[in-house]
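This is what each chain is made of:
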Amino acid sequence: QKEVEQDPGPLSVPEGAIVSLNCTYSNSAFQYFMWYRQYSRKGPELLMYTYSSGNKEDGRFTAQVDKSSKYISLFIRDSQPSDSATYLCAMSAGGSYIPTFGRGTSLIVHP
Amino acid sequence: GAVVSQHPSWVICKSGTSVKIECRSLDFQATTMFWYRQFPKQSLMLMATSNEGSKATYEQGVEKDKFLINHASLTLSTLTVTSAHPEDSSFYICSARKRGRAEAFFGQGTRLTVV
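Protein chains in written order, with this note's numbering: chain L, 1 to 111; chain Z, 1 to 115.
Among these hints, one or two may not hold up.
To be verified - Per the computed footprint, the stretches of chain L lying under chain Z, defined by three or more beta-carbons under 8 Å from a beta-carbon of chain Z, are:
1) 36-45
2) 94-104
To be verified - Anything over 12 Å on all C-beta distances counts as not near chain Z; from chain L, calculated:
3) V4
4) Q6
5) P8
6) S12
7) R60
8) R77
9) D78
10) D83
11) P111
Simulated from the structure, these hints should not be mistaken for laboratory data.
These figures come from a predicted structure and were not determined experimentally.
Where is the CB? At the ideal position from N, CA and C, for every residue including glycine.
Isolated chain Z, as found in the complex:
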């Protein structure tokens, strides 16, 4: 149990376009989902925390108008990178946790390349 699926695994897009990344909990209800960004050989950088049915809470320095997060159901959260630029190229990873549980389960990650 506790499987989190993230899609797509990789995406290449043109500068100025928007990209949507999906994160689904396949066998549990995820009351909280986290979105991270990871640079090569760096640790995870938390971007935002989203609770089902509530607006996402963004970390300091993360532009909420650029990184739109929606957590519409207990099994799905989406991250949309709007008007992407080459500096947005990175590895984006989601994780999800169940209500009342501390451990979080991660998706496979999405490698975004903006050209």
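Isolated chain L, as found in the complex:
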């Protein structure tokens, strides 16, 4: 079992839909959780950063962390075609802070 599991998709949704992206993990030492967006042939861009459990909202994006279930989510409201990209979850423990990445979910938002 990989430390971080993420469904690669693709996930195809119509414009305006609410998108839910998820990752599960097995290492209970993870405390820091991140979501990145990566467009083709570009470096990943940090979207959301969360420490420990809870919710965090930034514009159309909401990140949720449930440490008891070892489950994190990213919600995108009012999705746009420009949101079409690969979304990577990442998490790390304290100390080294070396992030462990999921394999990424390909999202397609069609007009």
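Position chain Z against the provided structure of chain L, taking the given hints into account.
Chain Z only, in chain L's frame:
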């Protein structure tokens, strides 16, 4: 803030030559920099972690004599692919993090093609 610049964006080189890729944190001091390799439709593969002023720590299976990493200052790390071969062709990406912070910021990536 938190901008990481990677240069060049793409490079083509002949087999047997060496290529240097630069990664700079433009508006923060990067105590740790990470180097990744990414194959098409694959996730990021961590190659090595470098801390300023220390030798890089390479992941298992990554040849440290082939992929030379230098982190000479708090704003600059370099990856040199020595004696490049066509199988080294890939997308290389760096990221950097600040002291005491978990989140890392990525450069734009470098597409290396060895012919």
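Verification of the hints:
With a threshold of 8 Å between beta carbons, the proposed coverage of the region 36-45 of chain L by chain Z holds, since 6 of its residues qualify and at least three are required. Evaluation of the coverage hint for the region 94-104 of chain L: fulfilled, as 9 residues show C-beta separations to chain Z shorter than 8 Å, against a requirement of three. The Cβ of V4(L) sits about 9 Å from the closest Cβ of chain Z, inside the 12 Å cut-off, so the non-interface label is violated. Distance to chain Z contradicts Q6(L) as a non-interface residue, since its nearest Cβ pair spans about 8 Å, not more than 12 Å.
Distance to chain Z contradicts P8(L) as a non-interface residue, since its nearest Cβ pair spans about 8 Å, not more than 12 Å. Distance check for S12(L) against chain Z: the nearest CB is about 16 Å away, which clears 12 Å, and the non-interface claim stands. Here R60(L) stays apart from chain Z, with its beta-carbon at least about 20 Å from theirs, past the 12 Å limit. No Cβ of chain Z comes within 12 Å of the Cβ of R77(L); the nearest lies about 22 Å off, and the non-interface call holds.
At roughly 25 Å from the closest C-beta of chain Z, the C-beta of D78(L) stays outside 12 Å, upholding its exclusion from the interface. At roughly 18 Å from the closest C-beta of chain Z, the C-beta of D83(L) stays outside 12 Å, upholding its exclusion from the interface. No Cβ of chain Z comes within 12 Å of the Cβ of P111(L); the nearest lies about 24 Å off, and the non-interface call holds.
The structure fails hints 3, 4, 5 (numbered hints given earlier, in ascending order).
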